[in-house]
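One line per chain: the protein sequences are A and B, in this order.
At position 284 of the first sequence (counting the first as 1) the number is 284 in the numbering used here, and the numbers step up by one without a gap.
At position 302 of the second sequence (counting the first as 1) the number is 644 in the numbering used here, and the numbers step up by one without a gap.
These aren't lab readings, by the way, just hints derived from the structure by calculation.
By construction, the Cβ of each residue, glycine as well, lies at the ideal position given by its N, Cα and C atoms.
Do not take every clue at face value.
What the hints assert, rightly or not - Partial list, derived from the structure: chain B residues whose beta carbon lies under 7 Å from chain A: (1) Q354; (2) D355; (3) S389; (4) I426; (5) T530; (6) T604; (7) I619.
Claimed, not checked - EDC-like mimics (lysine to aspartate or glutamate), calculated; alpha carbons at most 20 Å apart, straight line: (8) A:K7 with A:D80; (9) B:K603 with A:E203; (10) B:K614 with A:E76; (11) B:K427 with B:D445; (12) B:K378 with B:D655; (13) A:K91 with A:D105; (14) A:K257 with B:E481; (15) B:K466 with B:D445; (16) B:K614 with A:E207; (17) B:K427 with B:E542; (18) B:K614 with A:E47; (19) B:K425 with B:D445; (20) B:K614 with A:D80; (21) B:K614 with A:D204; (22) A:K7 with A:E32; (23) A:K7 with A:E83.
Each chain is listed here by its residues.
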Amino acid sequence: MLDDTPKPLVRVRDLKMHFPIHAGLLRRRVGEVKAVDGVSFDVMEGETLGLVGESGCGKSTCGRAVLRLYDITAGEISIDGREIGTMSQTKLRPIRPTMQMVFQDPQASLNPRMTVEAIIREPLDEHTSLSMAEKTAKVAELMDAVGLNRKFAKRYPHAFSGGQRQRIGIARALALNPKFIVCDEPIAALDVSIQAQVVNLLEDLQEQFGLTYLFISHDLSMVRHIATRVAVMYLGKIVELAPREALYRDPLHPYTKALLSAVPEPDPALARTSGRIILQGDVPSPSNPPKGCNFCTRCPAVMDLCKEIEPDYRQVQPGRFVACHLYNETTTTADQTAGTGA
Amino acid sequence: MPNVAQPVLDVQDLKTVFRTRGGEVHAVNNVSFSLKPGELLGVVGESGSGKSVTMMSLLGLLPSPPAEIRHGTVMFDGRDLLKIKPQALRAVRGGQIGFVFQDPMTSLNPVYTVGMQIMEPLRKHMGLSKRAAATRARELLELVGIPDAQRRLDDYPHQFSGGMRQRVMIAIALACDPKVLIADEPTTALDVTIQAQILELMQELREKLGMAVIWITHDLGVIAGIADRVLVMYGGQIVEHAPVADLFRDPQHPYTRALLKTIPSISGERAKRLTVIEGQPPLMLAAPDACPFRARCDVAFARCAVENPPRYDVGHGHDAACFYDARTGAPRHA
């Protein structure tokens, strides 16, 4: 890089992903699930952007939409300077090697009838013109990189444990030397003692290959460990985005505060004294979000204004973005769209 | 809580094996623990450590074959649950001992209304009339904090959210005023903010109803917040047992120590790199005549491979199954 300022590798603006709801005899369109409803963020080169939120908030849909696994409803996505938001799937094919995905469930995302070697080789078959010998060598190299014994190349996924299967999934994602990897809850299905192994591996690979991650997770303590910056989603929208330390030390949005206080602390002294914010009720349906701010039905600091007008997502401190009326006066810049920052 | 109180549930030397084609799986090995009235006993361990199988063994919920309870006693209310007749056990299960399962999505019957499912134990175990059961069912839904309880009795499970369904499960478990409630990973499938709601509800209910609770989880954070005493399980055995504060302040078993180090926290110092417990959990096909943790242990020595450590008392109701004494930094002599 020529200068020190981080460059955005991925730039997402006002991304919307709505799924139609069909009902009745004629399967008429009766509404839509607004899974992702206008999110904007940047992922800087070499960083890990954590995307956290509860189930159903749209974080996985967001990750998949960024990779254009869906045809998005609206918005712009650019990866490495190329706009892919509206590109056809055929045109996308040659760009796909730069962006890959690691899936949540290593049990379901590996074909049980393919050997490990075939699974890791498949992207090479599809996207490269290497000879068989070259591919086999590359597979062995990838297996080394993720800490799998090359001797097991001819085995089937069922012969591996959960943590090892996730390593296979990671090796497959790395096969085409991607720049950007979306990790969709990569450790959620693993045991505590195995989670740390996989997270350390992801960090090592990031350093080794200069990877950029979008790390989707509901585990706030693990995200604090791995992420450079963190975005918090609620009901299809990003409510807060901030550098890691700032977010965990001083969360701004009432939802982020509640979410952080709900995480059980592995320390009995702390767990029993800290004032926990218990949110009332459940998340509203994304097919029928409330008027005004999406969080107004559960917010402990709700005002009349919140039930009428949706708060803008804006920068309130350098590098800190929040969508909440509580911070209307503290706006420092007029920049309302960018998700960039320190 | 008086320490002298008789335990409501006392499990001694329980051993359960599964017969499989690949050999016998030693799922629960000589597990002993007791539960005092009104206390919350946390059970932590990874998947496959035997925590759920232990609880299912003592309630006779395991299909046999393949499961076989080799030996042990489970004293409850003056009777050994492993020896009484199936009908008698059925009266205890769901009656005096309530059970909440992990996944509220699959443990409710989708074709019956929630009201009918709460009324079932009331009519079977307590012999209530339909009308009395309906009234009690409404009270139970109110107790677990479901708004508009009367109307919701006629709803089906799919009309409830995950957190609400888990509240319904708790209401069913509480229906017959159990002395003991066994909760198997009751919040694992829930989001953190909903988990916080359920944990708070549980604390309230314990104060109100005074029942003893066994809470199975893999989340040490949850345990820190609610448990009085903790059992740590690994490879089908109890490797450490301590009052909750002692367990976190002064863990004695190498597994507990390693586990506490691997979990990142949302506050405090952020580790540059996560501590890892190398290797994989044991398969438990081998007979339990060695320490199950020895292959991943950083203080293991020759004796660990030839003998399974008993639980050594380290004082103040704290014990650990390890030949290595963490306090002196040397092998135990006993």
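Of the numbered hints stated earlier in the document, which are not met by this structure? 1, 2, 4, 5, 10, 11, 13, 14, 15, 17, 19, 20 and 22
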